[in-house]
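Chemist: Order-wise, the sequence lines are chains A and B. With our numbering applied, the first sequence corresponds to residues 38 to 394, in that order. With our numbering applied, the second sequence corresponds to residues 38 to 394, in that order.
Treat the hints with care, as some may be off.
Note: identical chains are not told apart, hence a pair may lie in one copy or across any two.
As the list claims (entries may be wrong) - Simulated crosslink set (DSS-like; lysine-lysine; CA at most 30 Å straight-line): (1) Lys-219 x Lys-158; (2) Lys-193 x Lys-131; (3) Lys-362 x Lys-40; (4) Lys-158 x Lys-380; (5) Lys-219 x Lys-40; (6) Lys-135 x Lys-193.
Since the hints were made in silico from the structure, they are not lab data.
2 protein chains.
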Amino acid sequence: MSKKIMILPGDGIGPEIVEQAVAVLEAADRKFNLDLSFEQGLIGGASIDAHGEPLTDAQLEAAGQCDAVLLGAVGGPKWDQLEREIRPEKGLLKIRSKLGLYANLRPAILYPQLAEASSLKPEVVSGLDILIVRELTGGIYFGEPRGIRTLESGEKQGFNTYVYSESEIERIARTAFEAAQKRGGKLCSVDKANVLEVTVLWREVLDRLAPEYPDVELSHMYVDNAAMQLVRAPKQFDVMVTGNMFGDILSDAAAMLTGSIGMLPSASLNETGFGLYEPCHGSAPDIAGQGIANPLATILSAAMMLRYSLDMGEAADAIEAAVSKVLDQGLRTADIYTEGSKKVSTAEMGAAVVAAF
Amino acid sequence: MSKKIMILPGDGIGPEIVEQAVAVLEAADRKFNLDLSFEQGLIGGASIDAHGEPLTDAQLEAAGQCDAVLLGAVGGPKWDQLEREIRPEKGLLKIRSKLGLYANLRPAILYPQLAEASSLKPEVVSGLDILIVRELTGGIYFGEPRGIRTLESGEKQGFNTYVYSESEIERIARTAFEAAQKRGGKLCSVDKANVLEVTVLWREVLDRLAPEYPDVELSHMYVDNAAMQLVRAPKQFDVMVTGNMFGDILSDAAAMLTGSIGMLPSASLNETGFGLYEPCHGSAPDIAGQGIANPLATILSAAMMLRYSLDMGEAADAIEAAVSKVLDQGLRTADIYTEGSKKVSTAEMGAAVVAAF
Ligand SMILES: [Mg+2]
Ligand SMILES: [Mg+2]
Numbered sequence: 038m039s040k041k042i043m044i045l046p047g048d049g050i051g052p053e054i055v056e057q058a059v060a061v062l063e064a065a066d067r068k069f070n071l072d073l074s075f076e077q078g079l080i081g082g083a084s085i086d087a088h089g090e091p092l093t094d095a096q097l098e099a100a101g102q103c104d105a106v107l108l109g110a111v112g113g114p115k116w117d118q119l120e121r122e123i124r125p126e127k128g129l130l131k132i133r134s135k136l137g138l139y140a141n142l143r144p145a146i147l148y149p150q151l152a153e154a155s156s157l158k159p160e161v162v163s164g165l166d167i168l169i170v171r172e173l174t175g176g177i178y179f180g181e182p183r184g185i186r187t188l189e190s191g192e193k194q195g196f197n198t199y200v201y202s203e204s205e206i207e208r209i210a211r212t213a214f215e216a217a218q219k220r221g222g223k224l225c226s227v228d229k230a231n232v233l234e235v236t237v238l239w240r241e242v243l244d245r246l247a248p249e250y251p252d253v254e255l256s257h258m259y260v261d262n263a264a265m266q267l268v269r270a271p272k273q274f275d276v277m278v279t280g281n282m283f284g285d286i287l288s289d290a291a292a293m294l295t296g297s298i299g300m301l302p303s304a305s306l307n308e309t310g311f312g313l314y315e316p317c318h319g320s321a322p323d324i325a326g327q328g329i330a331n332p333l334a335t336i337l338s339a340a341m342m343l344r345y346s347l348d349m350g351e352a353a354d355a356i357e358a359a360v361s362k363v364l365d366q367g368l369r370t371a372d373i374y375t376e377g378s379k380k381v382s383t384a385e386m387g388a389a390v391v392a393a394f
Numbered sequence: 038m039s040k041k042i043m044i045l046p047g048d049g050i051g052p053e054i055v056e057q058a059v060a061v062l063e064a065a066d067r068k069f070n071l072d073l074s075f076e077q078g079l080i081g082g083a084s085i086d087a088h089g090e091p092l093t094d095a096q097l098e099a100a101g102q103c104d105a106v107l108l109g110a111v112g113g114p115k116w117d118q119l120e121r122e123i124r125p126e127k128g129l130l131k132i133r134s135k136l137g138l139y140a141n142l143r144p145a146i147l148y149p150q151l152a153e154a155s156s157l158k159p160e161v162v163s164g165l166d167i168l169i170v171r172e173l174t175g176g177i178y179f180g181e182p183r184g185i186r187t188l189e190s191g192e193k194q195g196f197n198t199y200v201y202s203e204s205e206i207e208r209i210a211r212t213a214f215e216a217a218q219k220r221g222g223k224l225c226s227v228d229k230a231n232v233l234e235v236t237v238l239w240r241e242v243l244d245r246l247a248p249e250y251p252d253v254e255l256s257h258m259y260v261d262n263a264a265m266q267l268v269r270a271p272k273q274f275d276v277m278v279t280g281n282m283f284g285d286i287l288s289d290a291a292a293m294l295t296g297s298i299g300m301l302p303s304a305s306l307n308e309t310g311f312g313l314y315e316p317c318h319g320s321a322p323d324i325a326g327q328g329i330a331n332p333l334a335t336i337l338s339a340a341m342m343l344r345y346s347l348d349m350g351e352a353a354d355a356i357e358a359a360v361s362k363v364l365d366q367g368l369r370t371a372d373i374y375t376e377g378s379k380k381v382s383t384a385e386m387g388a389a390v391v392a393a394f
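Produce the entire structure from the sequences given, and follow the hints as far as they go.
Modeler: Right, dumping it as structure tokens:
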């Protein structure tokens with residue numbers, strides 16, 4: 038049965054990099070008979086220019102009827118003066134919340150060919166391949182009550198609530214267990230169960246579910262230790278799962294371990310397996326239209342889409358292998374260029390990945 | 038006027054390493070006419086053996102009447118079977134809470150001589166010298182309400198409260214501003230003010246106090262970015278200040294950047310400047326009594342004591358310079374030994390620091 042993918046190029050370098058990712062998907066389609074179909078849509082500044090808002094309800098509905106969304110990036114100085122509610126970024130927040138995309142998958146992968154880019158010693162990070170699964174729609178970032186109140190003493194007090202229910206924990210845990218099944222079979226759950234009750238419940242739910250995934254080895258780690266271990270020996274991890282706030286901190290730290298954030302894809306999934314796929318980097322308006330942006334993070338996002346939303350793991354593996362091959366060939370866009378390698382354009386990089394299939 | 042220091046050697050390697058630190062303090066006393074006096078006391082397992090509890094009220098009171106406390110380490114397998122309330126660690130928690138030690142100072146220093154120990158590239162971390170000031174008695178680790186409740190739907194929900202009042206923020210902020218004045222004059226406050234109201238108030242208070250410290254350059258950073266920047270370019274920081282939970286995560290990550298946790302001192306201060314000083318490492322019962330433990334973290338804790346509680350910065354500088362000198366001489370205890378250096382005992386290392394004055 039045909040799988041429909043909504044393409045939302047967005048702003049800045051978005052259209053250029055998405056174009057290459059679509060070309061790679063089409064190549065994968067030809068090779069593996071995936072029966073993909075594509076629809077184009079607007080989000081962010083592009084939608085503001087056309088419709089006066091960063092994501093129309095009609096566009097949202099059309100996206101929701103697809104099997105997955107591939108997004109470039111949104112935003113740029115052109116729309117910075119708009120009031121907060123109709124800024125380009127609101128389009129992203131709207132699609133995430135309206136489609137219930139509670140599971141954020143953030144791989145931190147360091148291709149050995151790029152190991153020098155890291156601030157860590159090559160032997161510590163070369164070949165790093167971990168996946169952080171972050172809960173994205175709950176936890177302290179959304180918890181109530183919250184605010185700043187004035188105490189009887191007259192001084193102000195700020196407060197937020199870190200809260201998770203069993204069902205919220207269970208669904209993100211299942212996403213993580215399933216991701217571990219598709220990868221190395223190891224899942225490390227990160228909490229602060231020695232201090233925070235909300236994470237005591239988190240740990241209980243993970244332990245309760247573990248017997249349903251006998252092929253996954255579950256471990257637990259306190260968040261302060263996890264931050265240390267990511268610095269000390271990040272390759273010890275396969276999949277990590279944690280709440281929204283700890284995931285925010287740890288996934289950014291893990292991404293930085295690679296030294297090449299421009300290479301990293303991401304996914305945001307809901308319960309049905311529907312997902313939004315996008316590079317971790319932004320819309321880079323300063324280099325938009327010059328044809329020099331790095332399309333690899335978007336191409337790797339497309340590979341994640343095949344693996345996690347479309348159950349086409351073989352094609353995903355092939356795309357990732359092709360990316361590794363072009364790096365072996367010494368091809369580099371400007372952002373990852375080092376002396377002795379061959380500097381290529383956005384389109385040349387995309388074509389090289391297609392050719393490496 | 039004479040300054041009185043309470044010496045609490047504790048358990049395991051505690052007595053051995055504290056003995057060397059006291060010898061260094063005595064040497065500093067002679068050289069700089071500090072007029073120090075010392076009192077010996079019991080904490081942890083040593084106190085349990087003598088009095089049946091990890092810290093007696095009499096000992097607590099005696100400590101509170103001193104100007105500072107120098108502590109070794111507590112705990113060991115001998116006391117692991119005791120019930121939670123009278124374990125050695127409870128002595129530490131008691132002295133911290135009863136004496137109101139709300140400011141935890143955690144330096145992350147990497148002597149260039151030990152740069153190879155880090156998982157980061159030497160050029161990224163060699164000479165690292167940052168200080169993380171962590172609020173220690175408030176925030177989400179202590180916030181109420183907290184617990185696990187059953188919702189009407191029958192499912193459980195865990196919750197904790199992240200809360201700070203203006204006065205709590207102000208006192209830790211002042212500690213951090215003052216520490217920055219004693220160091221490089223730069224203070225980076227870490228929050229998540231784009232999402233969490235409690236840290237919006239945190240940022241407000243820091244901004245309000247800044248004009249009182251015109252010699253300190255205040256900046257703000259979101260916690261996820263701070264975690265990234267610690268990995269990418271940690272030497273950009275001088276002093277960082279943050280709440281209890283973020284401080285827990287970031288100070289452990291920063292310590293691990295050095296690769297030599299056995300070298301790191303710490304301080305916990307209250308409003309009067311009284312402080313408890315101790316190495317970051319534990320009591321290492323496995324090597325206790327062998328005379329091979331590294332006394333440098335405790336010696337550096339003694340230097341912090343002179344700087345932060347006794348206002349004897351010159352003597353503190355001299356101790357730190359002496360430590361650097363013995364490292365230059367190639368002296369290493371077993372934990373930091375590398376080929377080509379000279380392996381020394383606990384007592385030899387202490388004597389070398391004294392001789393390097
Ligand atoms: Mg973030
Ligand atoms: Mg910790």
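Chemist: Indicate, hint by hint, whether the structure satisfies it.
Modeler: Right, here's what the structure says about each hint:
Taking the shortest Cα distances, Lys-219 and Lys-158 sit within 30 Å of each other inside one copy (29 Å), while across copies they are farther apart (33 Å). Only between protomers do Lys-193 and Lys-131 lie at most 30 Å apart by alpha-carbon distance; the minimum there is 28 Å, versus 32 Å within a single protomer. In the homo-oligomer, the alpha carbons of Lys-362 and Lys-40 lie at most 30 Å apart inside one protomer (27 Å), although the nearest pairing across protomers, at 68 Å, exceeds that limit. For the homomeric pair Lys-158 and Lys-380, the shortest alpha-carbon distances inside one copy (25 Å) and between copies (26 Å) are both at most 30 Å.
In the homo-oligomer, the alpha carbons of Lys-219 and Lys-40 lie at most 30 Å apart inside one protomer (21 Å), although the nearest pairing across protomers, at 63 Å, exceeds that limit. Within a single copy, Lys-135 and Lys-193 get their C-alpha atoms only as close as 34 Å, which misses the 30 Å cut-off; across copies the closest is 25 Å, which meets it.
No hint from the list above goes unmet by this structure.
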